[in-house]
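Participant: Chain A is already provided as a structure; the job is to place chain B on it using the hints.
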Amino acid sequence: MATATASPQSRTFFSLFWRRLRRHKMAMAGLVVIVLLVLMAIFAPLIAPYDPTAQPTGEDVGQYYFNPPSREHLLGTDDLGRDVLSRIIYGSRISLLVGFAVAFSSVLLGTLMGTLAGYYAGRPLRFYLGPLRREKEGFHPWTFALWRVLSWFLYYGALYLVLSIAWALAEDGIRAGSLGSYLGFGLTLALVLWAAWYGLKGQIRLDLDVAISRLIDFMLTIPTLPLLLVLSALLRDPEVAVGRWAQGVFGDAASVFIIIFILVLFGWLGTARLVRGSILSLREQDYATAAQALGASDFRIMFRHLVPNTLAPIIVQATLQIGGAILTEAALSFLGFGIQPPVATWGNMLTNAQEYIFTAPWLALPPGFMIFITVLAFNYLGDGLRDALDPRSRL
Amino acid sequence: MFAYTVRRLLQIIPLLFAASVVIYALLALQPGDPLDELRRQNPRMTAEQFEALKRAYGLDQPLHIRYFKWLSRALRGDLGYSRTYGIPAAEYIFVQRLPKTLILSGLALTLALVVAIPVGIFSAVRQYSLADYVITFLSFVGFSMPVFFLGILLLYFFAIWLPDHIPGFPRFPTGGVPGVLWEDVRSGAVSLWAFLGQWAWHLVLPVVTLASLQMAEWTRFMRASLLEVLSQDYIRTARAKGLSERVVLYKHALRNALIPIVTLVGLAIPGVLGGATITETIFSYPGMGRAIFDALVEKDYNVAMAALAFLALMTALFNLLADLAYALVDPRIRYS
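If you're matching them up, the sequences are chains A and B in order. Quick note on numbering: the first sequence equals residues 1 to 395 in our numbering. Quick note on numbering: the second sequence equals residues 1001 to 1336 in our numbering.
FRET-style restraints, in silico, Cβ to Cβ:
1) B/D1330 with A/T289: 29 to 35 Å
2) A/Y65 with B/L1130: 46 to 52 Å
3) A/I47 with B/Q1049: 56 to 62 Å
4) A/L146 with B/K1069: 36 to 42 Å
Rough simulated footprint, nothing fancy, chain A against chain B, three-plus residues with beta-carbon under 8 Å:
5) 1016-1025
6) 1152-1160
7) 1289-1298
8) 1311-1324
Which chain B residues stay away from chain A? Per the calculated CB distances, all over 12 Å, these:
9) Y1057
10) L1107
11) G1197
These are computed hints drawn from the structure, not numbers from a lab. For glycine and all other residues, C-beta sits at the position ideal for the given N, C-alpha and C.
Pulled out of the complex, with its shape left as it was, chain A reads as follows (with noise of 0.2 Å):
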């Protein structure tokens, strides 16, 4: 960077960030690596000596099984006699496809949601208007008006999923004349009436802060491996609507797609945290007050105003959130769970690595070296990011 050494009026702030960040040896590194898997990604097909799915077919195939590492085949072959070198050049792509797709959806999932919070928190939204109350103030847009009705069809829906649920419990106890299945359908039926007529005319009001926050403390009790075990098999599934679309769109990635929606449902918690409290002191700042006097829009004050303040930690996190994701991803293909063979990723090559180690150690050693290094790559790039970043550290 030519400007690193001008004046310093003239230093941009990238030019300075810059300059910080060159001063991380490890995190330089880390960008180089970075910078060469992704060139091996791209290039791929011109990297690679062989076709990373081609099987060798003809008699006595057998004799191209677990081969160890030679002239022809560096890095030895397969379990099917496939280049297990080819293969490694393949997988940086789904596994660097998977970290990036990952990172971003879920960076920007967590962005929305913690900013919906910290701004709206202590500010509770009207989510419920009763058809017969009458409102207080006069001019409503049509999207509202639209929704009051829509809410009404929900509530009630919900009221009456209620009492069928408990009518279904409860109807063999009261064929039978079971004095606790008679208090217990009388009571919910009391709870619903009571509920039904206070719809009419009352309100609900929503606070966006502790339906978000419940939401994340919700989701973090939910063991997550098992969970995304679940997941991964019930998508995947072809019998069900998403698995059949996946594999119609995307036909043998289907599963790549399902990884990376199956990571971002999961991975958003994190920013969403780190960004709801930095929102929640941004937006008692001087400026957001202003912008706020000036009339800009709640959507204006907190994507134009708030968000860019908040960018730094955010960059951060989605650079460690990669690393993250593809040490995920490749925990998943290991347990079978992840993405599916013919595909080649990092982690689906490791399956059954456990019992290959005794007589084809080849087969387990390389994928597993390119995950670690990927991964220690993001992992200094985003201390490097973070120091570079962060006004307060002296570097």
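Facilitator: For chain B alone, kept in the frame of chain A given last:
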């Protein structure tokens, strides 16, 4: 404080309810139902018999009814039977698997803690020394290393490569648990030391594998936490008073730096109970993680449901405990 605890405990109830609904729904929606297996084993089954079986298992009822029936039984302590093992799911999970997991993961957690705290302190005190750089590098390696890769590496070197190449190098077991049982010790067939030795011998590799990630994270955390405290004004005051570096470090700085570690350890405990699916898979160790994984694969839903609901409960409880412990050790924090 008491009111806060009660409120948080009450908040756990809807949280667990929602978690169990989601887990139940996801399990019930899994492709194929538990009867498929039976039908495959017995192709001569007629359609009527199949329907009767479905009714007997309650599978003809809609999902939400099945859930509430499960819930009302579970609340009375009946978690159903394991389909694979034919014993109560509660016995399988809590008697057969949980103790083994507690041994493995508990040891790993202890090892991580015992290593991470002193090393982190050392690294912070000697900031920017060669040792600090080495420790920092190792901790980066530690949390970038995929657990399954580390496990496979250790297995390869300590069970195959080193014993093959260095004569006299002990060959570590490749997995499983030792054949000696606690009953053998009680009956006097095996001495206590032989028993403990056998277990330790089998547990070395899995424990190291499992501990490495947490060790790396906590070392780094301990270092950052102590550095943060050491830059505070009261540390400068303590030094200005002429206190020895030892007293400043251990009485003034370390006590405050350890506070966040308490939370971290509290939050790690539910993970201990959940077992370590990947480590247990590599070393074929019969723990909770593997039990849940197998239950999911074999569609043994009573077991999966019991284990996952138990884990959700523990996660919620230990979150609360971590918050309470935080307030207990740090008088600056007050909950209301």
